[in-house]
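Line order of the protein sequences matches chains A and L.
So in the numbering used here, the last spot in the first sequence is 53, and the numbers never skip.
So in the numbering used here, the last spot in the second sequence is 1261, and the numbers never skip.
The hints are simulated quantities; they were obtained by calculation from the structure and are not laboratory data.
Everything numeric in this text was worked out from a predicted model, so none of it was measured.
Glycine included, every Cβ here is placed at the ideal spot set by N, Cα and C.
Heads up, a few of these hints could be off.
Under 8 Å between C-beta atoms, here's a sample of chain L residues computed to sit facing chain A [claimed, not checked]:
(1) 1055
(2) 1087
(3) 1114
(4) 1226
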Amino acid sequence: MSEFFAMGGHGFYIWVSYAVTALLMMIEVIAVIRGKRTVEKRLARLASAPSRQ
Amino acid sequence: MALKDSIAWYHFSAPKNFYPLAGKVIPWFWGLTIALLLVGLYLSFFVAPTDYKQGESYRIIYIHVPAAWMSMLIYLVMAIYAIIGLAWKVRLADMMASALAPTGAMFTFLALWTGAFWGKPTWGTYWVWDARLTSELILLFLYIGFISLQSAIDDPRRAAKASGLLAIVGVINLPIIYFSVQWWNTLHQGASVSPTMAPKMATIMLTTMLIMTFAFWMYTIVIVLMRVRRIILERERQTSWVMELFGAEASGEKDEKGERK
């Protein structure tokens, strides 16, 4: 199992590359979901507020 | 009846109609993204053989090349939406361009990062001012310029105009990136896969890379659709359909202003 992660000595480069890719994609997904949720909350407050400008 | 009339092209170019459509297809694209990623990653590590020359470090190709292809493809699609937005004043096109930029910038950064981490073991350096690397770095600056223009200008119309022009001007950089390896034969290797000639890669390696590319494509579609839905809500918040969506009673006095293209 360990030689799998060693990747012929180049493990560091390979796993860091895949980790950074996975990390950035996850961060982007979370950011987009949270972004949409905040807009929806604001609109819900806006819509329910009686004095809509 | 001409095709043009049979399919209501304009139906889905209105934010009000595009919003629910995007909502319906997003789960499907998530399924495709995850399935392709799982298959692609399994192939990348457990099926694709070791490279006779580079050993294992070449496995970075399975994210490096898809990310680089996506960085260029997304920029091209962004520029096309910018042109549509500028030429025909289609608000949804401006929104799509804004939605594409962050993902394009991410893939450009990833292409540079994974390239550097592949270069270290094979070239012995993380960075060199090579034609391909430098033009890809310029692409990253173009994306950052586009995004900062978008956020710096409040009025969406003016922001779309300014960033759209930048996007269109920046398109010249794409052929430079693509042909850089041939024009300036510097360090970066030439295209092993190109539409004009047979791939110089083992079939299994090529298949793995293409699956990862489709996975990144599906990921881009789903993340951009999610982001454009948020942008639509933000920019169309004054329209009655958005208000109704969030529970406001159907207010008569606000006409279908949102519909005007």
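Evaluated hints:
no., hint, in the structure
1, 1055, "holds (4 Å)"
2, 1087, "violated (28 Å)"
3, 1114, "holds (4 Å)"
4, 1226, "holds (5 Å)"
Of the numbered hints stated above, the single one contradicted by the structure is hint 2.
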